[in-house]
Amino acid sequence: MIELRNLTLSYGDHTVLENCSGSIKRGSFTCVLGKNGCGKSTLLKAMAGLLVPAKGNVLLKGAAMVGMYPALRARMVAYFPQSRPLPQTDALTMIRHGRFPHLGFSKILQPADHAMIDRAVAFTDTETLLDKDIRQLSGGERQRVYLAMMVAQDAEVLLLDEPATFLDVDYQLDIMRMISKLNGDGKTVVMVAHDIAQAVSAATDILLVHDADIACGSRNEMIQSGLLERVFGVGVQQDTSSLYGYKLTGGSAV
Amino acid sequence: MNTCTSASISKPRKNFYIATMALAIAIAALFIVSMTKGAASVSLVDVTNDMDIQTYNIIMYIRLPRTIAGLLSGAALAVSGLLLQTTLNNRLASPGIVGVNAGAGLFVVAAAILFPAVLQTKYLAAFAGALVTVLIIYAIARKTGATRVTLLLAGVAVGSLLSAFSDALVTLHPQVLPDKNAFFIGGFASVSSQSVMWAWPFIAFGLLIAVLLNRRLDVLALGDEMAASLGVRVELCRFLSILSAAALAAGAVSMAGLIGFVGLIVPNLVRMITPGGHRFTIPLAALLGAALVLFCDILARLLFIPYEIPVGILLSVIGAPFFIYILFKKKWSRSYD
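Read top to bottom, the protein sequences are chains A and B. The numbering of the first sequence is the working numbering, which starts it at 1 and goes up by one. The numbering of the second sequence is the working numbering, which starts it at 1 and goes up by one.
Keep in mind that the hints are not guaranteed to be accurate.
As the list claims (entries may be wrong) - Taking beta-carbon pairs under 7 Å as the criterion, some of the chain B residues facing chain A (in silico): (1) GLY223; (2) GLU225; (3) ALA228; (4) ARG233; (5) ARG279.
Keep in mind that the hints were calculated from the coordinates and are not lab data. All residues carry an ideal CB built from backbone N, CA and C; glycine is no exception.
For reference, chain A alone in the conformation it holds in the complex (with noise of 0.2 Å):
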């Protein structure tokens, strides 16, 4: 679905990543993993398209992210930034720019849109915050908003920078299973994650991200490589009774 294909990123002189390459899979939910300020978020800016690459490209179904029309490229990947400014405006209205890219020049929405819009609504369970100032819910509330708005957009690939970080742990679990079951209705995922048993239960992929350079595969084939174990200094087990069914081992981290 996305390749990356000798992929440098940049900001003015500091090289974030350097002649990289992988691909993510057809819907795929792959979880970027790495040390803080290692270039994960820079990485998948970098597939949304908003990061123009130093060299190399990223190719959205074998075409060039860079120079695609921006309206087309929104109807098929959605971003979901770490941070975001909080505008004064309701959840409805939120969620209704989603459906941005699909509209025409007046951007008057079509009954079409309106459906979309309520099947976002639906499936994120915010009927009663539509008409609530996204600034007076609570951090997971505003996170179904975004997940409803990204959701609406209906993009076939998903891109989200931490969406459950700084959240009480059942808004985690409540995004995480969201954002699984888009996953199981044929959505491609890539999300950036923090917390590594966390992101290992959800994926089926990961990418990894280290010293400039990235690597993937599946899950077991990358917790079996002991990559994570060399990167994070601890390993990642499978353990049932554990809440996401993985847990973190040994090392001078945990």
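Take the given structure of chain A and dock chain B to it, following the hints.
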């Protein structure tokens, strides 16, 4: 549940209709008062019947241009402020504060010195000045990747630099702006039908762009990354928005001088009335700005007959306490902040 997202009338929409209606009535009333009251009082009957030539001249060449100029500049400054606040994502931005007015003012003064014989240069100069200032601020933002707070501070700095230049020019060439107080404080005493004719295309252009951009501006408020990921061409949208803010400010400055405060206060008031999108806030800001400026101009004419005070003074005297009162009203400020 299926109809809840498509059919329900939200509170912002209801407030919008009420406020639009109220403002339309207020503007109609103010228009009549503005046409009839002033140093010489003209009754409505006089206007509708055959007028003597003196009354006709007062109405056609003084009151009518002045009234229209008041309405247009109010609307222009308010929408200009709204656009700048959205584009720079800062509630404190306004054409007065980020130096757009100052830039237009400087160019007007410079044009008066360089081409004293050609009055029309004033209008083009105002637009050029406003545009140059906006582009400087925009360039600073792009070059430095400045945050929005830095951007505002840069605007304030550029503004005071430009003001210093115009002060210097006026000090060295005092003869070019005989009523320099009226220009720097802002007022409509010297508005002619010619100035309205020159200014309205700028204002119409600015308003048109603003209306066309309204949905994109809503999405832009979600942040650059989110907007870009939803398919908005962020840079283009921001540039067009700034361009129209400059055209609007220029139109207002060329007619009325450096009127402050409208561009800051009106967009903020409008957002308290309806937190909805720009399709509500743009028309409402235009109406409220027009009503406010015309109201103050009428007072400016009537308070100390036969003298009049520059309208900019009244705008601050009336606007500032009212604005502070609104901010302190708990109900408003909580939902607003």
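Each hint tested on the structure:
1. GLY223: For GLY223 of chain B, the interface hint holds, since the closest Cβ of chain A sits about 5 Å away, which is under 7 Å.
2. GLU225: With a minimum Cβ separation of about 5 Å from chain A (threshold 7 Å), the hint on GLU225 of chain B holds.
3. ALA228: holds, 5 Å
4. ARG233: Holds - the Cβ of ARG233 of chain B comes within 7 Å of chain A, reaching about 6 Å at its closest.
5. ARG279: Status violated, d = 9 Å.
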